[in-house]
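Engineer: One line per chain: the protein sequences are A and B, in this order.
Under my numbering, the first sequence is numbered contiguously, ending at residue 145.
Under my numbering, the second sequence is numbered contiguously, ending at residue 293.
These are computed hints drawn from the structure, not numbers from a lab.
Treat the hints with care, since some could be wrong.
[As the list claims (entries may be wrong)] Calculated pairs, EDC-like style, for lysine to aspartate or glutamate (alpha carbon to alpha carbon, straight line, at most 20 Å):
#1 264/B to 87/A
#2 81/A to 261/B
#3 79/A to 59/A
[Said to hold, decoys possible] Non-contacting residues of chain A with respect to chain B, defined by C-beta distances greater than 12 Å in every case (computed):
#4 44
#5 80
#6 131
[To be verified] Covered stretches of chain B (chain A as the covering partner; in silico rule of three or more C-beta atoms under 8 Å from a C-beta of chain A):
#7 42 to 51
#8 190 to 204
#9 250 to 261
Where is the CB? At the ideal position from N, CA and C, for every residue including glycine.
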Amino acid sequence: MNKGLIIAAVLALAPTFAAAESFQNAFEMNRAMYGKGHVFTWQGKQYTTQHEEEAEAAVKATKANAEALLDKAKAKNAEVAELGYEWKLTRGLLKEAQTAIDEGDYQKALNLAAQAKYHARMGIQQYHYAQANWHLAVPQ
Amino acid sequence: MKIIRKLALGFAVAAATHITYAADTGFDMQTVDPEADRIALQNYYKSRFPDTELADYVNGIYSVDADSREQWVELEEFPPYEFDVEKGEELFNIAFANGKGYADCFENGGIGIRHKYPYWNKEEGTVKTLEQEINECRVKNGEEALKWSKGPIAQISAYMAWTSRDKVFDIQIPEDDPRAKAAYLEGKKFFYSKRGQLNLSCANCHLQGSNIRIRADLPGPQLGHVTHFPVFRSKWGELGTLHRRYSGCHRDSRSDPLKPQAEEFRNLEYFQSYMSNGLVANGPGARK
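Let's have the full structure, built from the sequences with the hints guiding it.
Structural biologist: Here you go:
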């Protein structure tokens, strides 16, 4: 094979293969392998495998905190619904969280609201992924 | 000079792969080519299931799975949709309170026209489906709209499909209205986009997953997918429309399902029906 041809092709195709590991990939790999609460290093700094909603639910279990997280979850779900990517179980989780608040079980409400918000956030990510990648599945 | 020439040639080769890719795929209004999509889909299935004749894809999963086909052939001796077709004919011929009927709303009195649906309606700027026009006919004549998914609307649609058997699908995407191509493209995009908590697209089950078991089910191929609707599904124990199936699939992926006849589903039907151009209408069908 001609050396000039190889070098040029490699240079042209390099961006396709040489992408550095993103934080998202590093997080997801560590989360999948070790679960939540694991500490990992990315680009010289340490991070934990905790979803943002898990951090949001790890607050004092009060009515105000539960209501605040539920409001955030509802807003996030409205956002994903607007994109047409709402997940099936999310509204049920929101209702259950409200019920838990009404019954005074604020920790349960925080956990349910966190789960609902996570669903909505993932739905939004899924929408953006689909926008960028749907064509990869089309037969040529 | 020689090195420069070689480098230029190398870049050209590498760039050409990208250019070819863009020309083939058709993912936006500038490049989308429905006919290229249809041929590519046929070629995909020719390669995947070389023993299946293209014309046989109207039989869904039974075109590619011999065991299922054997059971289905027996089932078709006394088709479970037979009574629904009879009921559909009866309903079709009952006059509305104003003395008019379905025959007054459709071309050729509504007989032998199923294969022309869905179509692009330029005046309304939207895709129209058969079931949609059945209900519009009712409303225009002072009757209540029927529920979309099952029951009388599926039976009337089944009768109309029955009168259209063996007629060849020839869905048109008018070139003088770019909105038609945009609707097709939206339908195509919907088909290939992953959705829901299970992160599944229509294509995951009905293209890559054709004839690959999902628990106890074998998903049917995308090619010929719409030709046999409405269907009597053993799982439902009754007849249902294509959009009932769409809602069910959407729900199965753990998406919040769209309602039957939503614009997104009508665009999806437009795309899927175009993919079946050249195949015959054979509805209603019987499926597991």
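Engineer: The structure should be examined with respect to each hint, and the outcome stated for every one.
Structural biologist: Hints versus structure:
This hinted pair checks out: residue 264/B and residue 87/A have alpha carbons roughly 15 Å apart, not beyond 20 Å. For the proposed pair residue 81/A and residue 261/B, the alpha carbon gap of about 15 Å is at most 20 Å, so the pair holds. Using a Cα cut-off of 20 Å, the hinted pair residue 79/A and residue 59/A holds, with the two alpha carbons roughly 16 Å apart. Even its closest Cβ contact with chain B, about 28 Å, leaves residue 44/A beyond 12 Å, as expected for a residue assigned away from the interface.
Once the 12 Å rule is applied to beta carbons, residue 80/A is consistent with being away from chain B; the minimum gap is 16 Å. Not every CB of chain B lies more than 12 Å from the CB of residue 131/A, the least distance being 6 Å, so the non-interface label is violated. For a cut-off of 8 Å, the count of residues in the region 42 to 51 of chain B with a CB near a CB of chain A stands at 5, and the three-residue condition holds. Coverage of the region 190 to 204 of chain B by chain A holds [criterion: at least 3 residues with CB-CB distance below 8 Å; count 9].
Counting residues of the region 250 to 261 of chain B whose beta carbon lies closer than 8 Å to any beta carbon of chain A gives 4, which meets the minimum of three for the stated coverage.
In the structure shown, a violation is registered for the earlier hint numbered 6 alone.
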